[in-house]
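Top to bottom, those sequences are chains A and B.
Okay, so the first sequence: first residue is 1 according to my numbering, each after it adds one.
Okay, so the second sequence: first residue is 1001 according to my numbering, each after it adds one.
These aren't lab readings, by the way, just hints derived from the structure by calculation.
Just so it is clear, CB atoms sit at the ideal spot from N, CA and C, and this is done for glycine as well.
Among the hints, a few may not be true.
FRET-style restraints, in silico, Cβ to Cβ [stated by the list, open to error]:
no.: 1; chain 1: A; residue 1: L97; chain 2: B; residue 2: L1244; range: 22 to 28 Å
no.: 2; chain 1: A; residue 1: L97; chain 2: B; residue 2: N1293; range: 37 to 43 Å
no.: 3; chain 1: B; residue 1: I1375; chain 2: A; residue 2: G142; range: 49 to 55 Å
no.: 4; chain 1: A; residue 1: E36; chain 2: B; residue 2: E1384; range: 30 to 36 Å
no.: 5; chain 1: B; residue 1: Q1297; chain 2: A; residue 2: E103; range: 44 to 50 Å
no.: 6; chain 1: B; residue 1: E1271; chain 2: A; residue 2: E22; range: 45 to 51 Å
no.: 7; chain 1: B; residue 1: E1384; chain 2: A; residue 2: L113; range: 51 to 57 Å
no.: 8; chain 1: A; residue 1: G222; chain 2: B; residue 2: L1260; range: 58 to 64 Å
no.: 9; chain 1: A; residue 1: E36; chain 2: B; residue 2: N1293; range: 57 to 63 Å
no.: 10; chain 1: B; residue 1: E1295; chain 2: A; residue 2: L97; range: 52 to 58 Å
no.: 11; chain 1: A; residue 1: E43; chain 2: B; residue 2: S1253; range: 40 to 46 Å
no.: 12; chain 1: B; residue 1: L1260; chain 2: A; residue 2: E143; range: 33 to 39 Å
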Amino acid sequence: MRAIIIDDERLARKELKSLLKEYHEIEIVDECSSPEEALKSIEKHNPDLLFLDIQMPEKTGFDLLQELDKSPKVVFVTAFDEYAVKAFEVNALDYLLKPVDPERLKETMAKVLSEDSEDEDSYDVPDRGILSSNDQIFIRDGEKCWFIYLKDVRMFESEGNYVRIYFETFKPLVLKSLNGLQERLDQKLFFRANRKYIINLKWVSHIENWFNGGLQVVLKDGEKVEISRRQAVKFKALMSL
Amino acid sequence: MDDLFLGITYPQNQVLIFPFVSIHVSVIIHVRLYVIFDNMTRKGFYWLFQIAGWGFLIFLGLLQEFQTENSIALRSLIQSLIIFCLGIGIGHLYRYFIIQRDWLSSNVVKAIPRIIFASIAIGTIFYGIEIIMVYVKETAGIGGEKDTLLRFFGGKEENMSTSFVVLRLTLAIINNALLFFIWSVIYFGYHFFERSRQQEIERLQWAASINETELNNLKAQLNPHFMFNAMNSIRALVEEDPVLCKKAITQLSNLLRNTLQTGKRKLVLIEEEMKIVQDYLALEKIRYEERLNIEIQLEDGIEKCLVPPLLLQTLVENAIKHGVSMIRKGGTLRIIGVSKGEYLHITILNDGKYNPKPAEGVGIGLKNSTKRLEILYGDKGSIEINNVDKRVETRVIIPKEKINRL
């Protein structure tokens, strides 16, 4: 696994690096002292894993994740940040507390590495730049944070300059445009139903005919989305053999 | 309640139980009284006392008449009612006078002669009104008996000596004065009791607020974020620079020991405070390395002046937390201490920007420090934070004090 360490303190990076020495599966491809640096480095190295400090000057670790389209696996490494840790009430990721306890690190690494081997069995690897259903995205809405797999998203709804993301029982709002998002999504999985919605086809329960040659899609959790006439033609073409 | 004493089986212990029970009951009464005191308004309580007091008095008079005469004349009833109303009325005017003159705020020693004097005066007035009433009654021809006025003065005997009349008169006035003396004792007693209770409550509130400040200080001192980061740096130093590592451990121990010790004192020497600040800064320097520059300029002589413990430490820590640690390239922290006349000016300058409206949970350190200065120096001490050309200036002004106050 290729990993990047992001921490503004040199000694903290060094300490973590020395702790990670015994994990031969992990290759530290870069060290970054700020989120800005990390952004470039992530683009360059496309790592599988980030060791990320939360409190850093100018930008926090959360800010960095928000700027990424898709997130590598993330292990937070923080000194004491009850608020940051609290943010992850749902989909809690692993986090390490400084100074890092080697025993605790062992547990975390076991978890990270086992998830990694699962991923290798997984199917579809789309073109670079397009997000696959197994990609994780980081979402922050106010005080709450989530890491979710794209396959768990039922639909995206445009609300002005924001997009509302539907998954599980949550509907957080993030600053993104639906059009921009559509370009990054796997067209085989996510379908633009109309001006307002992108739906996850895996979550479709059944389809009904609707007025004016449109369709109405009922999702597995009962939500109903109309497919406009123009999109319905595409939809039928896509769905037919 | 009996089951409380089930363990005691010997009959002779019954005697012992009694005081326990009575203490228990008196505690209950006490508690109930408190509840009544709290539930009733003070005014309601006052009227209750007025009515009950005067009511009890006329009841005694009528009871006495009933016992001697075996019946109560209508005349006596009316007379009692008049005394009842008069007593309440005059008592109420007296209360108004007490409130106007602000007698309640004085202490007990001052209050007693006032009460005696006022009681005699009111007793005389009361007696005077009684005489007028009897006179009016007589001249108006109401009431059966003649010579009532004379009876008032001591009896029907024609050959009374003047001194005897004066004696009777004096006794009657003293009798009335005694009534109002008792009235005053109850009234003032209630208020003094209430006041001492109020003072007790205030004292407890004050003690609680002091405890809270202490607790907050302790929390602020042992800033966990700093502590764990320092430990993390030290852990990394073990391999990189064992000598510096040892030094850092000593500094951290000193810092811990000194914050715990000086935190309990009211004031400390600036040199003691600066030792803590320097240990703290040395540890932050290990963490931030070249990102943190430190400059300290203290005027000669001020190291023997006194400051509240951990005040500078708190402000320096704030400066790092909101300044250097937020800037990628880091910055400079400058501490300047000078004496200006009767005052000490200590300025902490750091790169960054001060946001006067911090997020929730931030700014506690500053708030506590301001509160501490207020308690210690009143309006003579101050902390001001300002943005001065891309830097934040924290200025502490406190009266210059030397060791003799310790």
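Report task. Could you tell me whether the CB distance from L97 (chain A) to N1293 (chain B) stays inside 37 to 43 Å? Result -> violated, 29 Å
Requested in this report: Kindly confirm whether 52 to 58 Å is satisfied by the beta carbon distance between E1295 (chain B) and L97 (chain A).
Outcome: violated, 34 Å
Query raised in the report: Do the Cβ positions of G222 (chain A) and L1260 (chain B) conform to the proposed distance bound of 58 to 64 Å?
Result: holds, 60 Å
Query raised in the report: Given a hinted range of 33 to 39 Å, is it respected by the beta-carbon distance of L1260 (chain B) and E143 (chain A)?
Result: Holds: the Cβ-Cβ distance is about 34 Å, inside 33 to 39 Å.
Query - Cβ separation of I1375 (chain B) and G142 (chain A), checked against the hinted range 49 to 55 Å - result: violated, 38 Å
Query raised in the report: Does 51 to 57 Å hold as the CB distance between E1384 (chain B) and L113 (chain A), or does it fail?
Result: The hint (51 to 57 Å, Cβ to Cβ) holds, given that E1384 (chain B) and L113 (chain A) are roughly 54 Å apart.
Report task. Using the Cβ atoms, figure out if E36 (chain A) sits within 57 to 63 Å of N1293 (chain B). Result -> Distance hint for E36 (chain A), N1293 (chain B) is violated at roughly 22 Å.
Query raised in the report: Would you say the C-beta atoms of E36 (chain A) and E1384 (chain B) sit inside 30 to 36 Å of each other?
Result: holds, 34 Å
Requested in this report: Take the C-beta atom of E43 (chain A) and the C-beta atom of S1253 (chain B), compute their distance, and say whether it sits inside 40 to 46 Å.
Outcome: holds, 45 Å
Query raised in the report: Does 22 to 28 Å hold as the CB distance between L97 (chain A) and L1244 (chain B), or does it fail?
Result: holds, 24 Å
**Report entry** Assessment of proposed distance window 45 to 51 Å (beta carbons of E1271 (chain B), E22 (chain A))
**Finding:** With Cβ atoms ~47 Å apart, the hint holds.
Requested in this report: Take the C-beta atom of Q1297 (chain B) and the C-beta atom of E103 (chain A), compute their distance, and say whether it sits inside 44 to 50 Å.
Outcome: holds, 47 Å
The earlier numbered hints that this structure contradicts are 2, 3, 9 and 10.
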